[in-house]
Every structure is written in structure tokens, then in C-alpha cells.
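J.: Go ahead and model the full structure; you've got the sequences and the hints to work with.
There are 2 protein chains.
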Amino acid sequence: MPQNIYDKILMLAKRRGYIFPSFEIYGGVAGFFDYGPLGSQLKNNIENLWRHFFLLKDNCIEIDTPTITPYDVLKASGHVEEFTDLTVDCIRCKRSYKVEDIIEGTLTVNQAMEEDKIKCPTCGEKLKDPHPVNLMFATTIGIGDGRSAFLRPETAQGIFTNFHLLYRYSREKLPFGVIQVGRGYRNEISPRQGTLRLREFSMAEAEVFFDPKHKKHPKFKNVKEKKLFLFDNVKEFKISMEEAINKKIIDNEALAYYLYLTQDFLQSAGVDPKKFRFRKHGKDELAHYATECWDAELFSERFGWIECVGIADRSAYDLNAHIDSTGVDMYAVRKFSKPKIVEVKKIVPKMGELGPLFKEKASKIKNLLEKMNIEKTKNISVELDGKTIDIPNNCYEIVEEKEKIIGEKFVPHVIEPSFGIDRIVYFIIEHNYAEIKKKGEEYRVLKFSPQIAPIKCGVFPLISDKKLVDIAQDIDKNIRDSGITTYYDDGGTIGRRYARMDEVGTPFCITVDHDTLKDQKVTVRDRDSTEQERIYQKDLVKFLRKKIWL
Amino acid sequence: MPQNIYDKILMLAKRRGYIFPSFEIYGGVAGFFDYGPLGSQLKNNIENLWRHFFLLKDNCIEIDTPTITPYDVLKASGHVEEFTDLTVDCIRCKRSYKVEDIIEGTLTVNQAMEEDKIKCPTCGEKLKDPHPVNLMFATTIGIGDGRSAFLRPETAQGIFTNFHLLYRYSREKLPFGVIQVGRGYRNEISPRQGTLRLREFSMAEAEVFFDPKHKKHPKFKNVKEKKLFLFDNVKEFKISMEEAINKKIIDNEALAYYLYLTQDFLQSAGVDPKKFRFRKHGKDELAHYATECWDAELFSERFGWIECVGIADRSAYDLNAHIDSTGVDMYAVRKFSKPKIVEVKKIVPKMGELGPLFKEKASKIKNLLEKMNIEKTKNISVELDGKTIDIPNNCYEIVEEKEKIIGEKFVPHVIEPSFGIDRIVYFIIEHNYAEIKKKGEEYRVLKFSPQIAPIKCGVFPLISDKKLVDIAQDIDKNIRDSGITTYYDDGGTIGRRYARMDEVGTPFCITVDHDTLKDQKVTVRDRDSTEQERIYQKDLVKFLRKKIWL
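Top to bottom, those sequences are chains A and B.
Just so it is clear: in the first sequence, position 530 is 529 by numbering that gives the first Met the number 0, and no numbers are missing.
Just so it is clear: in the second sequence, position 119 is 118 by numbering that gives the first Met the number 0, and no numbers are missing.
Think of the hints as simulated: they come from the structure by calculation, not from any bench.
Any given hint might turn out to be false.
Said to hold, decoys possible - To spell it out: a stretch of chain A is covered by chain B in this simulated footprint if at least three of its residues, at any positions, have a beta carbon under 8 Å from a beta carbon of chain B; those stretches are:
1. 164-177
2. 183-193
3. 296-302
4. 337-350
Owing to the predicted nature of the structure, the values given are computational and were not obtained by experimental measurement.
Every residue gets a Cβ at the ideal spot worked out from N, C-alpha and C, and that includes glycine.
T.: Structure (C-alpha cells):
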């Protein structure tokens with residue numbers, strides 16, 4: 000496959016309604032792409048296949064939360080401080096660049112800076128003073144001063160902030176997984192790589208909550224002998240999941256299981272297994288919330304290996320952050336086999352004293368006091384909004400009592416497979432794009448699987464004879480009524496119509512001919528084998544369902 | 000049904016994972032709601048049913064464009080000027096209000112203002128100086144000065160700005176429809192009415208392009224005798240579509256057809272036909288782009304009649320706006336039966352002269368000159384960015400030539416059915432909520448149709464006997480593998496488990512009992528009739544598919 004495959008695909012994608020740059024009539028804006036009629040169906044099908052893996056196979060639940068997120072939430076999650084790119088501005092031509100994009104070869108950012116090696120790619124001026132720039136889109140809720148907010152950089156925070164409700168919904172059993180499919184935003188400094196680096200993108204994320212003492216998945220045992228193709232930044236190798244765990248290459252079974260589920264999904268969706276690997280993040284490239292992370296990387300003839308999925312162990316980072324910021328109980332309970340009777344020392348806060356003294360902070364302080372684990376009873380203080388507040392001892396009582404406890408509280412750990420849907424859409428197009436010569440002419444085929452193909456079948460009358468047209472339109476309507484997408488076409492030769500369908504990846508074509516009038520059968524042509532079989536008109540829906548459904 | 004139904008539904012919705020306020024652990028923000036595990040499935044199912052009506056039945060195409068939209072696009076569409084609410088600010092307590100929300104009874108805004116009748120609902124201060132406030136969320140693309148942008152107030156502009164590509168995709172035939180399903184944003188001044196007035200919402204819109212001389216739908220004839228229930232702001236009446244057209248109550252067949260499709264969709268999704276009507280907008284309430292608009296209103300026991308769908312005739316407003324702003328050819332062609340030879344006078348611009356004189360505006364001016372229809376040849380001028388620019392006559396030549404033209408260009412008209420998905424979700428819950436007394440206890444049922452129910456069937460072993468559990472889990476897995484959602488439950492009595500499923504609207508429950516071991520049959524219980532039938536285990540998927548698929 001040639002290096003210019005990206006340009007070829009983008010031309011095909013625009014011409015046939017897959018993908019095109021947004022706002023083109025207004026000059027376009029880098030980092031935004033539209034899905035056309037076929038692109039949107041391809042994307043819907045990929046998202047629905049993903050749901051099949053995570054909702055139906057893996058038994059996760061789905062939620063759907065706003066893209067606009069108040070400042071407080073993203074301050075707590077660390078994104079206000081950490082969701083940044085190191086940036087340099089050119090003092091001559093006023094352009095800004097992400098440092099990583101413009102340093103050359105194997106230089107690290109520090110080296111490049113120290114050795115004065117960064118020059119403006121536009122005007123050649125030396126670039127200095129790199130500084131972190133936050134990549135969230137900012138907005139304001141309400142008018143006037145309003146309330147500061149951002150467009151979410153990930154869907155995950157919508158899940159974490161609802162953990163206590165979702166835990167109850169799941170009848171307080173771990174592990175359980177929660178998914179979200181929707182838009183994410185990243186205000187890139189100067190996006191390149193076309194469809195691969197978007198400022199607004201579609202993502203599909205799962206946050207799976209585990210007891211940190213049992214980071215195991217109930218289905219791991221069924222798949223532990225399956226092989227994963229790994230890259231440790233030095234060499235590539237195949238290894239079974241069991242072995243990867245034993246050799247401590249992957250930290251825990253839960254994480255390994257989601258590597259496998261990711262691999263299974265991507266290959267079912269049409270990713271070429273030979274252009275697929277998992278790469279482990281080095282310690283220096285881990286996101287601020289992650290303790291271990293593997294990227295599913297896909298290979299592009301044009302761009303090389305590109306991250307499309309990140310599977311991270313976020314440990315208890317996010318839940319802890321929200322507990323610290325809000326004081327809300329977001330713990331899970333590890334039940335004892337029998338309830339225990341224990342002596343506990345408790346702080347009983349006196350609101351009558353706390354109220355006048357601490358005003359609007361009083362109830363937060365009360366919550367913190369109640370949660371406090373005390374052994375020494377002198378000089379009690381709490382941490383609130385980054386400050387240490389001493390609590391005078393007339394504001395509480397210490398009582399000792401016997402308590403029956405049924406288990407111990409803990410903050411669950413999270414394994415997060417996070418999928419960049421737009422990149423996956425692009426790679427599925429690239430990996431399924433084929434060029435063949437046919438009668439000397441270039442002929443293009445998209446070899447999409449029937450599950451994800453935007454149009455499932457073309458429906459043609461052989462010629463424009465009213466009798467054939469009526470039957471073909473009838474067949475077309477019947478198939479659509481059953482929920483299957485079709486494309487009715489009576490223009491041009493049959494060869495031309497096949498070519499049109501091959502080029503957009505339609506797996507089947509149905510042709511009504513004069514024999515149909517006699518035997519009620521139609522010709523069904525398979526895109527990949529180009530073989531044809533005669534099938535009864537009345538059996539078409541059943542035939543297609545079998546090919547298409549999972 | 001009692002007036003407090005809204006509170007009951009919101010309690011049920013939160014407890015059972017349908018809908019709950021967003022960011023509650025951070026104090027919440029008015030106008031934002033989350034969909035929980037069941038709510039998100041209900042919403043997905045409603046959106047997919049909507050797609051079935053518009054993509055498969057009505058043969059529309061779908062596209063998917065960004066929510067972030069550059070200033071220029073929304074300036075051209077009129078939203079920068081017109082997407083406003085008349086607002087008053089209280090000088091004493093600093094709160095702001097939408098005037099319409101706080102005037103009482105039948106007063107118009109003007110009357111209320113003149114008669115000094117508006118008081119602050121919070122502090123009682125007299126309110127003055129109402130002024131329009133734009134309701135779009137603003138943001139900036141890129142860093143530094145960046146590029147001004149908004150979150151889209153409607154998905155429609157993403158369709159209009161791609162008209163030329165979509166027209167070509169549709170092989171230049173009218174009518175054709177384009178849909179988009181996704182988020183819309185409206186920065187409400189001070190949202191009330193809970194889930195009904197959101198700042199971030201899901202919408203499903205169709206923009207159907209017609210030749211203004213033929214505002215007819217090919218399927219109108221099949222349904223013209225169907226009755227619509229209309230409200231003309233004075234009285235309610237039933238009328239066939241044909242009669243409504245003849246009496247000029249509805250302007251054209253295309254508009255009438257989409258009223259019918261809307262009614263058909265809503266009732267299929269579970270809206271109570273007795274709580275459904277279409278209301279015509281008065282001239283004074285039409286949006287800035289509409290020439291006629293009908294709202295599909297649904298009745299709530301708590302809120303009264305509420306707009307859930309708007310079906311507007313946007314005429315050529317939007318395409319004209321984008322043509323005027325960009326000069327891009329967004330016309331359709333009405334072909335003549337035979338090509339015509341005509342004499343035309345043409346302006347041939349001279350870039351050699353225009354370039355030095357008008358610099359970066361030269362090519363826009365060139366485009367405008369080429370499109371110009373000239374009769375008089377003196378004093379040629381163009382309108383650009385709101386200014387009139389005179390073009391010196393050395394910058395162009397006038398030539399007369401014969402031209403073969405195959406048709407005449409025109410700007411298509413648009414009929415737009417625009418659905419507020421969140422409101423529809425709420426109303427489907429309210430219209431399907433039932434309370435019955437069972438053994439003296441209150442018992443709640445959500446009577447969702449099988450198509451839209453979030454969980455299609457409960458799967459239970461009668462008792463926790465391993466043999467029954469194994470079979471039940473096997474059945475559960477089989478049904479899920481076929482793409483159908485289930486809920487496996489082995490906790491509590493069968494009655495209790497039925498009650499749980501009834502309360503969340505699950506239409507079927509499957510129970511495995513000791514007879515199953517002998518006859519391979521299970522009991523299937525129907526939620527609404529509570530009747531039970533014995534069905535072979537192997538026939539379950541087929542049985543459910545028949546009930547669930549469209």
C-alpha cells in the first residue's frame with residue numbers, strides 16, 4: 000500500500016460522503032471534521048458494536064452526562080492543572096506551537112530547549128520560554144459573572160461524580176463497569192495529522208470499578224490463554240495473558256482482561272491484526288491519574304503507529320479526588336463473613352458551636368469530623384480547600400462506643416479502556432481499502448464487514464422495465480422495514496452499479512431480472528468473492544439478518 | 000393522575016437509574032441532567048426508533064458535525080442577533096430573569112413594562128430596562144486571540160453549510176432529507192421546569208430540501224386521509240391532511256406530511272394519543288427563520304401543554320444567508336425538458352486589475368461579479384461584508400455570448416421537523432406511568448412498548464438451585480449474545496422480582512423452574528396482561544425478536 004494512502008482515502012471519503020473538513024465554506028477550521036451520510040452510519044455501527052462488547056458481553060451499564068462541566072469538577076480531577084501541552088510562542092510571527100510537534104529526531108524537550116534548537120517552522124525565529132497551556136475549551140454557564148465551566152476533556156468524570164448512585168444501582172457489588180459514549184474536547188494548539196488530531200472528537204469510555212484487593216475479572220479464566228501482541232518500547236512480542244501476568248509485564252488480571260476485550264472488539268470491527276499492537280507507557284508519559292497504561296496502537300501506511308485506545312489503571316485517583324473535594328461518601332464496602340463488634344472512638348460534632356464559628360463551611364467541617372479516624376484526641380484539625388483548620392475542642396465531643404460493623408470501607412480502583420472513535424473509524428477505512436486493476440482501470444473496494452458496513456445491500460432492477468422496477472422497489476422497502484439499510488439504484492450498467500457499491504463497502508447486491516418473474520428468485524452478489532447465488536425473494540431478510548447480526 | 004406526578008417520576012427516575020440532576024455532589028447546576036443506566040438505554044432506543052422513521056421509512060441521509068461552531072456561521076444564520084431572550088436584571092439582588100418567566104397572567108411584555116408591573120420574584124425590587132441577551136455558550140478555538148465560536152444552538156446549521164456536498168451525494172434530485180442527532184445548547188437565563196428546560200439537550204433534526212414550486216412529498220398521497228389533531232390557538236379540531244391543505248390551514252403538502260410523520264413516530268414511541276396535539280405558531284412567535292411553524296405539544300398533568308417538536312417551514316432563509324456570506328454556489332437546478340440557447344451578457348473580471356486594488360478581497364469580488372445578473376452596464380458595484388464597493392470599469396469586460404443552459408438555478412426551501420429528545424423521554428415516562436394497589440401496597444408500572452423499553456426481559460431461576468441457576472444464566476447469555484438486553488436476577492421472591500421489572504418497564508420476564516429440567520420450556524410472563532405462557536427455551540430469542548423488532 001502506498002504512502003499517499005491518506006490522500007486517496009480523504010478524496011474517496013469526501014466524494015462518497017464519508018468524512019470531510021468542517022465549515023469549509025467559511026474557510027475551514029483545523030481540528031474539526033464532519034461525517035457525511037456514509038461516515039455517520041459507519042461510526043454509528045462501530046459505536047453500536049462497541050456497545051455490544053461492553054454492554055451485552057461485559058455486562059456494563061451506560062450513562063449519558065453533559066459535555067459542559069463546571070470548573071469545580073475539573074479542578075478536583077486535576078485537569079485544570081494537568082491537562083496541558085508545553086507550548087512556545089513565536090515573538091516574530093505570533094504563531095504558537097506544541098513543543099513536541101516541532102522538536103526533531105530523538106531530542107527530548109529539555110535538551111532542545113537547553114541547546115536552543117527550536118526554531119519557528121514558519122518564520123525561522125528562535126523559540127524560547129516554553130510554558131504549559133491548558134487545553135480545555137472554556138465557557139460560562141449563565142449570564143453576567145456566571146459560573147466558570149469547560150467542555151469535558153473526557154467522559155470519565157461524569158461517571159466518577161455519580162459513583163455512589165451507580166454503586167447502589169449495581170446492588171453494591173464489585174466489579175461493575177460503567178460506559179459512556181459521546182463527545183470529548185481538546186483545544187489543540189495547532190492540530191496537524193488531519194482526521195487523527197481533532198479538537199472535538201467522539202469517544203467511548205468504560206470505567207470499571209474493582210476492589211483493589213481483587214483486581215480480577217470473572218471472565219479472565221475463559222480467555223487467559225489468548226495471546227496479546229505487546230510492544231515494551233524496545234521489542235515486540237506475543238505472549239499469553241496468563242504469562243504476561245506471571246512475569247509482571249501486566250500488573251493485574253483486570254487490566255489484562257480489558258486489553259483482550261479491546262483486541263477482540265477492534266479485530267471484530269475490521270482492524271487488520273497484523274497492524275495492531277499494545278504499547279506500554281513509560282513512567283514519564285503516564286497521565287496524571289494513571290499508575291499503568293497500555294495503548295492499543297494501529298499502523299497507518301502514512302502515519303506509522305498511532306494510539307487509538309488507552310487502557311489505564313487509574314487506581315483510586317479520581318474517586319479520592321472527588322471525596323476530598325466534596326466530602327461525599329463514595330466508598331464501597333468489603334463485607335466481613337460475620338459482622339464484628341468493635342470499640343470505636345467517635346467525634347460527635349456540635350453544630351451549635353460550629354455553625355456560628357465557621358458559617359457556610361460548618362457542614363463540610365461536620366462531615367469531615369464525622370469521617371475522621373481518631374486515636375489521639377488533642378488538637379483536632381481538618382483539611383478544607385487546601386487549608387488546615389484547627390477545631391476548638393468546645394465544638395465536638397469524643398465518645399467511645401461499641402459498634403457492629405458489617406464490613407470495611409474502601410475506595411475502589413478503576414480500570415479504564417478509553418477509545419478514540421474517530422481514529423478507529425479512519426483506521427478501519429485505511430485497513431479495509433483495496434485497489435485492484437479491472438480492465439485496465441483502477442477499481443477501489445472497501446472491504447468492511449457486514450456488521451459495520453453503512454449500507455448492507457444494493458437493490459437493482461436489471462433494466463428499467465416497470466415490472467422489474469416494481470419488484471425491486473418492493474424488495475427495497477421490505478428490507479428497510481426490517482431495519483436493514485439499502486441503496487436502491489437503477490442508473491447505469493449493472494457493472495457500474497456494482498462498482499459504486501464496492502467503492503463504499505456494501506457487502507451484498509441484489510438484482511431483479513426477468514427470471515425473477517418466473518421463479519421469484521433474485522441474484523445476490525457477494526462483494527468479496529464476487530460470487531452470485533439465487534435466493535428466494537421471501538428469504539432475503541432472513542439471509543441478510545444472518546450475515547449482519549452479531 | 001395526580002398533579003404531583005412530576006415529583007413521583009423524578010423520585011422513581013433517580014432511584015431506578017433513569018434521570019438525575021448533574022454534578023449533584025458539587026451542589027448541582029440548574030439546566031443539566033444525567034441519564035442513568037436505564038435512562039440512557041431508553042433514550043438510545045427512542046433515538047434509534049426516530050432514525051428508523053427518518054432514515055429507513057423516509058429515506059433521509061444522516062450526517063454528524065461538530066457542536067463547536069465558528070462565529071461566522073452563526074453570524075450568517077442570524078443567531079448572533081436573534082437567538083436571544085428579553086432579560087431584566089435586578090439592581091438590588093443582582094439576579095437576572097427572562098421577562099417571559101416573570102410576567103403574570105395575560106400581560107404582554109410591553110404592557111408589563113409600561114405599567115411598571117415587573118417585580119423581582121426574589122427581593123421585590125421593581126425591574127426595569129429589559130434587554131435582549133444572547134443565549135449561546137461562547138468559547139474560543141485555539142489559544143491567544145484564537146477564533147471566536149459558540150456551542151451550536153441547533154444541529155441544523157451543520158447541514159445547511161454542507162448543502163452543496165449533500166445535494167451532489169443525493170445525485171442532484173429533490174426532495175431529499177438530511178438528519179442529525181446530537182447535542183444542542185442554550186444558555187438559559189435562569190432555567191426552571193427541571194428536566195424540561197435544559198441548557199444542554201439532545202435533539203434530532205431533519206432538514207428536508209424541496210423545490211419551492213413543488214412543496215409536495217411523494218408519500219403524501221398514501222396518507223392524505225389520515226387525521227391530525229390541531230389547535231389554532233382558539234379551538235382544537237380533528238381534520239384530514241387533505242382538508243387542512245385545501246382550507247389553507249397548513250400551507251403545503253410537504254409540511255403536512257412531516258406533521259403526520261411526527262405524529263406517527265411519537266405515538267409509536269409511546270406518547271398517549273389523547274395527550275397530543277399540533278399548535279400553530281402565531282405570526283409574533285415565529286423564529287427569525289420561519290414562515291410557518293407547528294409545534295407538536297404533549298400534555299403533562301403537572302406542566303400542561305409543552306412543545307416537544309417544532310415543524311417549521313424555513314423557506315430559503317438559511318441557504319440564502321450562507322450564499323450571501325460566502326459566495327459559494329448552494330443552488331439546485333430545475334432542469335428544462337430541453338436545453339435552451341440564450342443570449343447572455345456576462346461580466347468577465349480582470350484579476351490583474353482587481354488584485355492590486357482589492358488585495359485579499361479580490362477573489363471574493365471576482366466571484367460576486369461572475370454571479371451578477373447585469374442589464375445595465377454602468378456603475379457596477381458589489382455588496383461585501385455589509386459595504387457597497389464600486390468596481391472601476393477597467394476591472395472587467397462585458398461580453399455577450401450564446402449559452403446552452405440545461406435548467407434554471409434556484410435556492411431550495413427547507414421543511415424542518417426538530418425534536419427535543421429529552422422532553423420526549425420525559426413525556427414517554429409520564430404517559431406510561433401507572434399506579435395500582437396490590438395487596439394494599441402502592442405498585443408502580445412503566446408501560447413502555449417493547450421497542451423502547453431499556454431492558455427487554457428479566458431472567459430468573461425460580462429458586463437458587465444450581466441446576467436452575469445454570470440454565471437461567473445460559474438463557475441470559477444467549478439472549479444477550481443475540482443483541483437483546485436482559486436483567487438477570489436471583490434475589491428475593493418471584494413476586495418481588497416481577498415488581499422490580501414492572502417498575503422499570505421491562506415487558507417480559509422469563510422464569511426457569513423444575514419443570515424446565517423435564518420439558519425444556521420456561522415461563523414467559525407478559526407485564527401488561529400478567530399472563531404467563533410456556534415457551535421452549537430454544538425459541539426464546541425468536542419470540543423476543545418478534546415482539547421487539549419493528
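J.: Against this structure, judge whether each hint is valid.
T.: The hints, checked one at a time:
{"no.": "1", "hint": "164-177", "result": "holds (count 5)"}
{"no.": "2", "hint": "183-193", "result": "holds (count 4)"}
{"no.": "3", "hint": "296-302", "result": "violated (count 0)"}
{"no.": "4", "hint": "337-350", "result": "violated (count 0)"}
Going through the hint list in order, the structure does not satisfy hints 3 and 4.
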